[in-house]
Amino acid sequence: MTGSPVAQQDVALVDLLDRLLGGGVVIAGDITLSVAGVDLVYVGLRALVTSVATAEEKQLPR
Amino acid sequence: MIELLAITDDATPPEPPLVAVRSGGLSALCAPAEDAAVTADTLWRREAMLEELMEDRDLLPVRFGTRVADEAAAARAVAERRTELEAGLERVRGAVELSLRVHAPEPADAPPPEASSGSAYMHAKATRTQAAARLHEPLAGLARASVVRPAPELLRAAYLIEREAIEPFVARVRELQREHPALSLLCTGPWPPYSFAEDPS
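Here the protein sequences come in this chain order: S and B.
Per this note's numbering, the first sequence starts with residue 1, numbered consecutively.
Per this note's numbering, the second sequence starts with residue 1001, numbered consecutively.
Source of the hints: derived by calculation from the structure; they are not laboratory data.
Bear in mind the structure is a predicted one, so any value in this text is a computation, not a measurement.
Treat the hints loosely; a few may be bogus.
Unchecked claim - Footprint (simulated), chain S over chain B, 3 or more residues, beta carbon under 8 Å: (1) 1041-1051; (2) 1130-1140.
Stated by the list, open to error - What follows is a list of derived Cβ distance ranges for each label pair: (3) 30(S) x 1168(B): 21 to 27 Å; (4) 1104(B) x 30(S): 38 to 44 Å; (5) 1057(B) x 22(S): 19 to 25 Å; (6) 22(S) x 1069(B): 22 to 28 Å.
Said to hold, decoys possible - Quick partial rundown of chain B residues pointing at chain S, CB under 8 Å, derived from the structure: (7) 1007; (8) 1191; (9) 1197; (10) 1198; (11) 1201.
Glycine included, C-beta positions come from ideal geometry on N, C-alpha and C.
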């Protein structure tokens, strides 16, 4: 995924965040990352994805 | 503190600054923990590291942000879940994850939800479920495993695909897009097998 052009990476960020937040194997340790921080990134990039997707898909992700 | 990125049973050493912490036949691939703010760039850099590791070995991505005090703690954490980790590696061996999101246009003349009757709502919901199944089922048939996630889109799914089956899978996605021109199919990957690292069943 990381080799894609910038606009595609913006769209794919939703897929990456989906995986980072809900995927991966659970190992004992501290999860030091605040969920609030990720939500902020997610919200900010959703707006970006929306603008990219509008041109391509005519249908906004909600 | 060190951050755990992935678990593997391949003995190939990773490139510095990554280190492999051995625990029995398994290795935890770890990086020095950073305290920088999380941005899209830092997430993509981490993703790029995992994808590079994935080129040479089977691996299970570790839940994002997992940190331990030192290498001894990493080895203990791996030993605690050895059985599940070994089973997980067998589940994903030789395979990658592909993602699919499908957006459907809202019918322009649809009445607002509060104006429609309960049965009309149920009918619309059943129609959506069937439409999602018509897309998902032929793709799931090409996958070793699949998961459908609850999502606002018509369909949000992940497929565990053997490396040699990536091309046929993507070709099938293109066919489905041609068969359903009103829908938007967005397929991304190959991803490390995030959605299959824990037993999805």
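How the hints compare with the structure:
no., hint, verdict
1, 1041-1051, "holds (count 5)"
2, 1130-1140, "violated (count 0)"
3, 30(S) x 1168(B): 21 to 27 Å, "42 Å, violated"
4, 1104(B) x 30(S): 38 to 44 Å, "41 Å, holds"
5, 1057(B) x 22(S): 19 to 25 Å, "24 Å, holds"
6, 22(S) x 1069(B): 22 to 28 Å, "26 Å, holds"
7, 1007, "6 Å, holds"
8, 1191, "6 Å, holds"
9, 1197, "4 Å, holds"
10, 1198, "6 Å, holds"
11, 1201, "15 Å, violated"
When the structure is compared with the earlier hints, violations turn up for hints 2, 3, 11 and for no others.
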